[in-house]
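Which chain is which? The protein sequence lines are S and P, in order. According to the numbering used here, the residues represented by the first sequence are 258 to 535, in order. According to the numbering used here, the residues represented by the second sequence are 194 to 380, in order.
Just so you know, these hints were derived from the structure itself, not from any lab. Wrong hints could be hidden among the right ones.
Unchecked claim - Computed list of lysine-lysine pairs in BS3-like fashion (alpha-carbon distance at most 30 Å, straight line): (1) K235/P to K350/S; (2) K235/P to K287/S; (3) K341/P to K287/S.
Unchecked claim - Okay, the calculated bits of chain S under chain P, using three or more residues with CB under 8 Å as the criterion: (4) 354–368; (5) 431–440; (6) 470–480.
As the list claims (entries may be wrong) - Taking CB as the label site, the calculated pair distances span: (7) T327/S to K341/P: 46 to 54 Å; (8) R320/P to N393/S: 23 to 31 Å; (9) R320/P to T362/S: 53 to 61 Å; (10) K208/P to E488/S: 34 to 42 Å; (11) G408/S to R320/P: 47 to 55 Å; (12) G254/P to I357/S: 19 to 27 Å; (13) I357/S to G374/P: 47 to 55 Å; (14) G254/P to I406/S: 50 to 58 Å; (15) F326/S to S249/P: 23 to 31 Å; (16) E358/S to K247/P: 20 to 28 Å; (17) D323/S to K341/P: 35 to 43 Å; (18) P356/S to E209/P: 42 to 50 Å.
The beta-carbon is built from N, C-alpha and C at its ideal position, and this holds for glycine as well.
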Amino acid sequence: MCIEANLFLEGDVKQALEAAAESETSDTGKSVLAQLKENMEIAENERIPVCQDTGMAVVFLDVGQDVHFTGGDISEAVNEGVRQGYTEGYLRKSVVSDPIERVNTGDNTPAVIHFDIVPGDKVRITVAPKGFGSENMSRIFMLKPADGIEGVKQAVIDTALEAGPNACPPFVIGVGIGGDFEKCAILAKRALTRSIARDSSEAADVTDSSSAARPAYADTLEDELLARINETGLGPAGLGGKNTALSVNVETFPTHIAGLPVAVCICCHVNRHKVRII
Amino acid sequence: MKDNKQIKLKLPLSKEGAALLRAGDTVLLTGVVYAARDAAHKRMTELINEAESKGSDPAGGLPFPVQGAAVYYMGPSPAPPGKVIGSAGPTTSGRMDKYTPKLLDMGLTVMIGKGRRSDAVNEAIVRNGCVYLAAVGGAGALLAKCIKSSELIAYEDLGAEAVRRLYVEDFPAIVVTDSRGECLYDR
Ligand code: SF4
């Protein structure tokens with residue numbers, strides 16, 4: 258799954274890039290998008306990763322509560338999968354064993370694993386390798402309730418602008434609103450794994466047991482944010498144009514009376530995710 | 194951007210050549226570039242500082258001659274069998290800012306990466322008449338096709354972050370900061 262995720266972008270991302278290439282008006286923007294399209298084709302045909310930063314492996318494991326794992330440690334099993342995928346797939350090993358001492362682990366492990374217990378007897382595995390050019394530009398804001406939806410919008414737009422050319426626009430932007438400090442971050446990351454083809458039924462698909470029912474304002478908020486971010490003119494590769502983002506995906510969760518946490522997870526167009534249910 | 198040109202550029206680039214480039218020009222690079230990113234920059238800077246404190250030649254211990262060189266901020270994915278290199282697009286240049294002014298003062302002429310640079314780097318670009326170019330981030334598979342040879346020359350223990358000598362042909366990039374300090378991202 259690591260290999261597939263890194264070699265083949267999902268259809269929704271491809272379509273969005275193609276649509277962007279058609280609608281782009283800036284010459285530089287057009288040429289950047291044309292390069293990205295060609296890049297995707299070369300990656301598929303020649304079986305090399307779409308981007309050299311094949312990411313840190315983020316894995317969401319939604320485990321049905323009737324499932325019982327036997328014969329070993331499930332985290333170790335996931336890491337073994339990452340180890341094999343990154344080695345056999347000629348993917349880049351981008352993980353260091355300690356944030357300060359910084360020695361490469363040599364096999365891209367460990368993965369960042371998010372476990373969730375859900376009803377049922379199946380396991381849903383989502384593998385979402387995340388590049389750090391864009392991860393570094395992600396932000397968390399602990400807003401005041403009085404900041405309201407306008408505060409949320411400002412936070413998202415500011416983050417996208419600050420990310421600028423560093424995070425390889427056109428972006429896919431995951432926004433987590435509510436919960437607490439860490440919950441909003443996980444929601445934002447998870448929002449990136451949702452299909453970016455605009456279809457709200459898809460939203461239900463990704464919403465795990467821990468996410469709230471989708472509020473009425475979510476679709477409008479996503480559309481408005483996408484439009485406003487594209488109006489900034491940052492454009493593909495940050496060199497000007499109208500396609501700064503391909504999609505803004507919002508997820509929400511109840512929060513405390515005193516707070517309004519907002520996490521903005523910036524992802525580049527190389528928004529990789531593969532889902533398998535076993 | 195009307196006046197910008199597409200230019201075929203041979204590396205190494207002289208300071209006179211660098212002075213002719215303008216922010217927004219697109220270039221196709223042919224010649225040698227050295228791939229180095231965070232960890233390699235840190236090591237090179239440590240070597241320079243050590244040499245300076247001993248009074249010896251600061252460039253002496255470096256893995257490649259910095260004078261006149263082009264550096265590409267890039268750590269490739271491994272080369273599959275039969276390929277020169279794996280995916281090979283630019284990484285965010287800003288992380289190298291802390292180490293860059295020193296290298297520019299030592300003669301480094303061309304930098305290739307993506308994203309904004311610090312004021313200190315921009316000042317060093319103008320002071321030394323250098324250029325900063327961007328390649329398209331996320332186009333690693335496409336850019337790899339322009340890399341005709343790749344040789345690991347130092348710091349093998351750093352894995353993807355080791356220093357490599359690359360020979361590129363018609364490698365597409367755009368001038369972001371020209372030798373006068375004009376920056377394309379500011380437009
Ligand atoms: S931000 Fe995305 S496209 Fe850019 S280098 Fe990182 S993984 Fe690749």
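Hints, one by one, checked against the model:
Straight-line distance between C-alpha atoms of K235/P and K350/S comes to about 19 Å, which keeps the hinted pair within the 30 Å bound. Proposed proximity of K235/P and K287/S is contradicted: the alpha carbons are some 36 Å apart, above 30 Å. The suggested pairing of K341/P with K287/S holds, with an alpha-carbon distance near 26 Å, which does not exceed 30 Å. With a threshold of 8 Å between beta carbons, the proposed coverage of the segment 354–368 of chain S by chain P holds, since 3 of its residues qualify and at least three are required.
For the segment 431–440 of chain S, the stated coverage by chain P is violated: 0 residues have a C-beta nearer than 8 Å to a C-beta of that chain, whereas at least 3 were required. Interface restraint, the segment 470–480 of chain S with chain P: violated (0 residues with C-beta to C-beta distance below 8 Å; minimum three). Against the hinted window of 46 to 54 Å, the Cβ-Cβ separation of T327/S and K341/P comes to about 52 Å, which satisfies the hint. With their beta carbons about 28 Å apart, R320/P and N393/S fall inside the hinted range of 23 to 31 Å.
As the Cβ distance of R320/P to T362/S is approximately 40 Å, the hint placing it in 53 to 61 Å is violated. Under the hint 34 to 42 Å, the C-beta atoms of K208/P and E488/S, about 40 Å apart, fit the expected range. A hinted range of 47 to 55 Å for the beta carbons of G408/S and R320/P is inconsistent with their spacing of about 42 Å. A hinted range of 19 to 27 Å for the beta carbons of G254/P and I357/S is consistent with their spacing of about 25 Å.
For I357/S and G374/P, the Cβ-Cβ distance of about 35 Å falls outside the hinted range of 47 to 55 Å, so the restraint is violated. Distance hint for G254/P and I406/S: a CB-CB separation of about 57 Å, consistent with the stated range 50 to 58 Å. Between F326/S and S249/P the Cβ separation comes to about 59 Å, which falls outside the hinted range of 23 to 31 Å. Checking the proposed 20 to 28 Å range against E358/S and K247/P shows it holds: the Cβ atoms sit about 26 Å from each other.
In this structure the supplied range 35 to 43 Å is violated for D323/S paired with K341/P, their Cβ-Cβ distance being about 56 Å. As the Cβ distance of P356/S to E209/P is approximately 44 Å, the hint placing it in 42 to 50 Å holds.
Comparing the model with each numbered hint stated earlier shows that hints 2, 5, 6, 9, 11, 13, 15 and 17 do not hold.
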